Amino acid sequence: DVKVTQSSRYLVKRTGEKVFLECVQDMDHENMFWYRQDPGLGLRLIYFSYDVKMKEKGDIPEGYSVSREKKERFSLILESASTNQTSMYLCASSSFGEGEDGYTFGSGTRLTVV
Amino acid sequence: GENVEQHPSTLSVQEGDSAVIKCTYSDSASNYFPWYKQELGKRPQLIIDIRSNVGEKKDQRIAVTLNKTAKHFSLHITETQPEDSAVYFCAGGGSNFNKFYFGSGTKLNVKP
Numbered sequence: 001d002v003k004v005t006q007s008s009r010y011l012v013k014r015t016g017e018k019v020f021l022e023c024v025q026d027m028d029h030e031n032m033f034w035y036r037q038d039p040g041l042g043l044r045l046i047y048f049s050y051d052v053k054m055k056e057k058g059d060i061p062e063g064y065s066v067s068r069e070k071k072e073r074f075s076l077i078l079e080s081a082s083t084n085q086t087s088m089y090l091c092a093s094s095s096f097g098e099g100e101d102g103y104t105f106g107s108g109t110r111l112t113v114v
Numbered sequence: 001g002e003n004v005e006q007h008p009s010t011l012s013v014q015e016g017d018s019a020v021i022k023c024t025y026s027d028s029a030s031n032y033f034p035w036y037k038q039e040l041g042k043r044p045q046l047i048i049d050i051r052s053n054v055g056e057k058k059d060q061r062i063a064v065t066l067n068k069t070a071k072h073f074s075l076h077i078t079e080t081q082p083e084d085s086a087v088y089f090c091a092g093g094g095s096n097f098n099k100f101y102f103g104s105g106t107k108l109n110v111k112p
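If you read the protein sequences in the order shown, they are chains A and B. Residues in the first sequence are numbered from 1 upward in steps of one, following my numbering. Residues in the second sequence are numbered from 1 upward in steps of one, following my numbering.
Hint data in this document are derived by calculation from the structure and do not stem from the laboratory. Hints may contain errors.
Going by beta-carbon spacing under 7 Å, a handful of chain A positions derived as facing chain B [stated by the list, open to error]:
1) Q6
2) N31
3) G42
4) L43
5) S94
6) G102
7) F105
Below, in silico cross-link-like pairs of lysine to any residue (SDA-like), each with a Cα-Cα straight-line distance of 25 Å or less [stated by the list, open to error]:
8) K22(B) - D59(A)
9) K57(B) - Y32(B)
10) K42(B) - V110(B)
11) K99(B) - Q37(A)
12) K99(B) - S107(A)
This one's a predicted model, so the numbers in the text were calculated from it and none came from an experiment. Where is the CB? At the ideal position from N, CA and C, for every residue including glycine.
Using the sequences and the accompanying hints, generate a full structural model.
Here it is, written out as structure tokens:
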């Protein structure tokens, strides 16, 4: 019963390409998040959204944008991919309020920019 | 914003021994502290969590303690088993749209 689905498991893109990473959740969660995971750095927040069409910058938003047109879908966009954006990208969702269940994560998208 | 630091970065124990992972946080407004386990190639999974109004919580072989005054919390795994081998992440936050800040992770290796 997969609850947070990321559209691609592995992705290889060329420098300068526009890249779309898609995330869909079926738990009716208000909050959705995009993190990147790099060895030794843990998970760093790129962007998050607490409602449809709402977005907030995280700690490392440079070079990224997001879109949330529907409650269940949160897209991460790399406007012009660069090699330093090679990473594992994790999407997560949570319900609004007390955060009783923490995050539910997607399986991740390993992006390689060549 | 919040800053969560996690130690050690790697931990190797013998099967049956205990393992302890420690984290500190900076924002006194943080009120929720989850721990995630990430096995190789898999998504992080919540294994235990603790709220700021609780000092300790146990779930079978796993326990988490929280010291609000000192702003640190720890994960304790007793009677470790090879299947406990994974990367463990602590996190803190929850006060701002349930936004969490993660530690850098601890790679636990349980030797049979």
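Quick rundown of the hints versus the structure:
no.: 1; hint: Q6; result: violated, 9 Å
no.: 2; hint: N31; result: holds, 5 Å
no.: 3; hint: G42; result: holds, 4 Å
no.: 4; hint: L43; result: holds, 4 Å
no.: 5; hint: S94; result: holds, 5 Å
no.: 6; hint: G102; result: holds, 4 Å
no.: 7; hint: F105; result: holds, 4 Å
no.: 8; hint: K22(B) - D59(A); result: holds, 23 Å
no.: 9; hint: K57(B) - Y32(B); result: holds, 13 Å
no.: 10; hint: K42(B) - V110(B); result: holds, 18 Å
no.: 11; hint: K99(B) - Q37(A); result: holds, 16 Å
no.: 12; hint: K99(B) - S107(A); result: holds, 19 Å
Comparing the model with each earlier hint shows a violation of hint 1 alone; every other hint is respected.
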